[in-house]
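The residues making up each chain are set out below.
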Amino acid sequence: MSVTADPRSARPETAEMAGLLDRLRVLTAGTGRPDLADRLARARTRVTDPRMRVVVTGETGQGLSALVDALAPAAPGTRERPVDDEGRLLLVGSPGVSGVDSARAAAALPLVAGADAVLFVSDASRELTEPEITYLDQVRRLCPTVVGVVTKIDRYPRWADVQRANRRHLTQADIDIPLFPVSSRMLAAAHRTRDHALAIESGVPQLADHLRERVLVNATQVLHAGVVNDVRAVTDQVALGLNAELTALRDPAAGTVAERRLHEARVTADALRDRTAGWQIVLADGATELGADVDHDLRHRLRELVREAEADIVSSDPAKRWEEFGSWLDGRVAECVQANVVLAETRSRELAERVAIRFADDGRVALPALDLGGTEALEPVRELEALDSRKAGIVQRLISSMRGSYGGILMVGVMTTLAGLALVNPWSIGAGVLLGANTFREDRKARTARRQAEAKTAVARLMDDVLFHVGRESRFRLREVQRTLRDHFTALAAEMTRTADDALRAAGEARRLAGEGRDARIAEVEEQLGELRTLRVRAAGLVR
Amino acid sequence: MTRSFDGVLLDNAHVDSALVDSALVDSALVDSALSDSALFDAARPVLGDDAVDACLRRLHAPLRIALAGTLKAGKSTLLNALIGHSVAPTDATECTRVVTTYRRAPAPVAEAVHDGGRRTPIRWPPDGTGKALHSLEVGLPAPLLERYTLVDTPGTSSNSRAVSARTLAYLDPDDGVCEADAVVYLLRSLHDSDLALLRRVQAQVGRGGPLGVVGVLSRADEDGPTPAELRDDPRLDGLPRDFLPVSGLLALRGRTLRQDEFTALAALARRPVAELDAALVSPGRFLAATGHDGLLDAWGMHGIAEAVALVRGGATTAPALAAALIRRSGLEGLTRILEARIGERAAALRMRAALRELRGRLAGRATRLVAGIDRALADDHALVELRTLGALPGLTTLPVPTRIALDRVLGGAGTRPTVRLGLPAGVSGREMHAAAVRAAMHWRRRLDDPLLDPRARRALRAAVRSCEGVAAGAAVRTRAS
Ligand SMILES: Nc1nc2c(ncn2[C@@H]2O[C@H](COP(=O)(O)OP(=O)(O)O)[C@@H](O)[C@H]2O)c(=O)[nH]1
Ligand SMILES: Nc1nc2c(ncn2[C@@H]2O[C@H](COP(=O)(O)OP(=O)(O)O)[C@@H](O)[C@H]2O)c(=O)[nH]1
Ligand SMILES: [Mg+2]
Ligand SMILES: [Mg+2]
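Chains as they are written, first to last, in the working numbering: chain Y, 1 to 544; chain F, 1 to 481.
Isolated chain Y, as found in the complex (with noise of 0.2 angstroms):
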C-alpha cells in the first residue's frame, strides 16, 4: 500500500516558484528559444503537481493495513485517503504489497522503487529476522527515503529492547534510518476516549508528522533543488547569447575581437556536435554492457541454482518428494529474480550517472572558451553545476520511466509462480505414466536413476523458460532505460548546440546593428540580462 502526498495547496514557495518559472519563460521565449521556455513548462508542472509516494511495506500480519487506518481514517475500501486537513497527504491502498517472503517482496520491489518515500513496517513482537534486513537492504537501494516502524507498542511492554536490538541489526548491516515506536491500537482508543495524551504516546501523530515535515519536505526540497538546477541552466544558456550579442554591440568598430569571438563561437559549436558523438557511444556502450551484466547476473544464480538442484535430485529418488521439490525450487527461481531485478535497477541508475559525468566533463572542457565576460553566470564552476542538475533530473526521469514498467516486472513475479506450477504437473503426470508401464520390466535402480535424469530435464527446460520470459522481460525493461537515456540527453545536446549557434548568429548580427538602434539593443540586452540574474538569485534563494 503506498501513501500519496499532495502538497499541490498553495505553499509560499510553490507560488513563488510557479510565478519565477512564468516570468522567466516569458523572457526566454522572447529571446526565440521556444525549447527552453517548454522546458520551463514542464518544470512549472512539476512544482505545483508533485505527487509524493509513500509505500507501506513489510511482512503480512505486522500491522501494515492497521497502521494505515491509523495515519489515514477512511471508510474501507476507499482509494485515496487524506492524511491532514489540507489533504496534501494521500493514501493510496495498494493489495498484494506487503510481505517480505521471496515471491511477494520480488513483485513489491517495483514499487518501491517508484516511491519518494517507504515506511518499513515490523511490529514488537521480535526483533527485526534476517529476512527482513535483507529485504530492508534492498529497499534501500531503491529508494534514498526509508523509514522504519515498530508496530503494536501496547501489547509489548519490552518494545524498547526490541527496538534497541532492530537499531544493533541495522547498524550491523549498516542500514541508517530512523525507527518510529507506535501503537495503531492505542490511537484508536485515544479517539474512541478522546484522551489527546495517550495519541501522542501512540507515536502515530510522531510519525506523521515526520512524514509531513520531514519526509514530504525533503522531497520537495529535492524537487525545487531541482527546479533551480533548471532555472540556473536555463538562464546560463540564455544569458550566453545576450553576452555575446552584448559584445558585438559594445565594440561594432574592433572587428577583430568580434571576429575572434565568433571564431571561438564557432569551435564550441563544433565540440558540442563532437561531444553529442561522445556521450552516445558512452550510452550505447553502456547499455550493451548493462544489458549483458544482468544476462549474465541472471545466468549465473540460475546456473548455480541448477547445480544446487542437481544435487538434491541425486541424492534422493526426486518422485517421493517432488511437490516439496517444486515449491523449493519455485521460491528459490523467484528469489534469484528479485535480486535480477535489484541489480539491473541500480545498475541502470548507474549508467545514467555516468553518461551524465561524461556530459560534464566533456561541458567543463569545451564550455569556458565562450567565456565571454561580463556575468558571474557563467563561471566554470557553476556551468557543472548546470550540468549536474541534468544528471539529477535525469534520475527522476528514469525513475518514472521504471514506474511506466513496472506492469513489465510485475509479470516477473507471476510468471515464475506460473513456471513453478507448470513445473509439477507435466512430470508429475509423467512420472504416473512411467510408473504404471514399467513397474515390472524395470529394475528399481535403473527406475531411480531414470527418474533423475527426467528430474534433470525438468529442471533444466524450467530454467530455460524462466531465463526465456525474464530475460525478455528485462531487456524490454533495459530498452526503455536506454530510450528514456538518449531521448533526455539529446534534448540536452541540442539546447546546447542551439545555444552556441545564437551566439554565433546574434554576435554576426550586433556587427550589422549601428547608430540608435545599437544604443536601444544594448540597453534591452543589458535589462534581460539584468533580470536573468535576478531571477536566478531568487530561484536559489528557494532552496536552503
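Warning: the hint list may mix true and false statements.
Stated by the list, open to error - Here's a subset of chain Y near chain F, in silico, CB distances under 7 angstroms, partners left out: (1) GLU130; (2) ARG155; (3) PRO157; (4) ARG158; (5) GLN163; (6) HIS169; (7) LEU170; (8) MET186; (9) ALA189; (10) GLU289.
I should point out that these hints are in silico values taken from the structure, not numbers from a laboratory.
The C-beta atom is built at its ideal place from N, Cα and C for all residues, glycine as well.
For chain Y, the structure is supplied; the task is to place chain F with the ligands on it using the hints.
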C-alpha cells in the same frame, strides 16, 4: 528475562500424570523387542561388551523431542511450560543461541559441551554466550524428563548466521540424520522461512530421522492465522498441516502460578472494569496505574488481561486460576498428541534407537548383521506405522479424507483398538473382531487401484496389517473370555 531453577520444582501432577500413566500401554510391545536381543548378542564379538551395553542402555533412555521454529516462535517458553518450570531462558530479544538439551537428573546440573566434545560444568542460566560452544546440557529432576528428553533449538532466521547454522546442523545435519525421535514445530504464522525449515525437517522424517512432526500454532493468545486457515494453505502441500494452537505463556504461568501473583491478579480483577480497561491500553498506562512491574514482565499485557478475565469468570483461588490458564493454553492437547504419537510406542521407539546406534557402531563391518538390523527395523510394525504416519502429509496422491482415515487406523490418535477403528469403548471382542476384519478388507480393496503410487501402496498395506493386528488381538481376547 531469565530465571534460575534453584527453587523447588513444582509438582504439576495434572499434566505429567497423563504422560506417565500411559507408559504402561506399550508394555505389550516389549515382547516383540526381546526377540531382537539376538542381534545385540551377535554384535558382542564384533564390538565388545561395553559398546553393545551402551547401545542397550538406549532401551531405558527417554525419547528425544526437539522443539523447532523460527526466531521468537515461543520455543523456550513452551519447553518451560512442558517441564513446568522456568528453566530455559526466554526473552523479548534473542537469547537461545545454542542447542540446549534438557534431560533427567537427580539434582540440577548444567554443562557446556565444547566443540570437540569436552564438557565443563557451568552456572545456570549461562551468562553471555560462549563462542566455541557446541551445545548445552541441563539435567533436572522433573517428572516429564523421566519420559522425554527435550531439546531446545535456537530459531532460524536469526540475525546471526552462526546461530541459524547451529540449529540446522542439529535438525538437518549434512552427514546423517537428526537424532531426535520427534520434532515439535512451532510457528506463529506461515512464512517462507517456516516452509523452508519444515521442508528440511519433513525430509529428515523421510530419511529415517525423526518419526514425525507435531505442528504447533504458537503464541496462540496473540493475533495470527487460525488452524483452519493453515489446513487450507496450499503452500503446506506435502508438509504437516495440522497445527495445534498453544499459548506457551499462559501454560507456563498456569503451571508456575504463585500465591502472590494470584493475590495481585485478584486485586486487579476487583478494580472497576472501566478503570482496568483504561490501564490495559498500554504498558506505560498499566505501570502508572498499578506499579506491577514484575507482573508485566512475566505475564505480558495479554497474559494479565486473560488472567483477570478468568478470575472474574469464577477462578477465585490460585489452583482454580492455574487450572483455568492451563486449560485455555491448549497445552493438554499437545501432551495428548505427543502421547498418542510417541509415548504409546515408546518401547518400539527405544528399540529403534538402540538398533540404530548399534548399526552406526557397526558401520562398514559385519554386513550380514547390519542387514539383519535393517530387516528388524523395517519389519517392526509399530515403526512401520510411525514411519507411515510421518509420511502421510506427503502422500498428496491420496484424497484428504483417505489420509485422515489412514491416520486414525494407523494409530495417529492413539494405539488402542477402539480408537483405531472408531468404536465406542467397551465393545465386545466379537464386535471388535468383525469391525477389524471389515476394515482390513476395505483397505485391501483400495490396494486394487492400478494407478496407486508406490508410497501410497505401502501406506495402504500398513493399514491392512494394522487392522489384521487388531483382528488377531480381538480373536485372542474372544477365545480367552
Ligand atoms: N495490539 C495491537 N495489535 C495490532 C496493532 N496493529 C495491528 N494489530 C493487529 O495485528 C494483526 C495484523 O494487523 P494488520 O494491520 O491487518 O496487518 P497486515 O497484515 O500487516 O496488514 C491484526 O490482528 C491487528 O488487529 C497495534 O497497534 N496493536
Ligand atoms: N503472548 C505470548 N507471548 C509469548 C508466548 N510464548 C512466548 N512468548 C513471548 O515471546 C518471546 C519469545 O519467546 P521465547 O520462548 O524466548 O521464543 P524462542 O525464541 O522461540 O525460544 C518472549 O518475550 C515470550 O514472553 C505465548 O504463548 N504468548
Ligand atoms: Mg492487511
Ligand atoms: Mg529460545
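Let me make sure I understand: some of the numbered hints might not hold for this structure. Which ones are they, in numerical order?
5, 7 and 10
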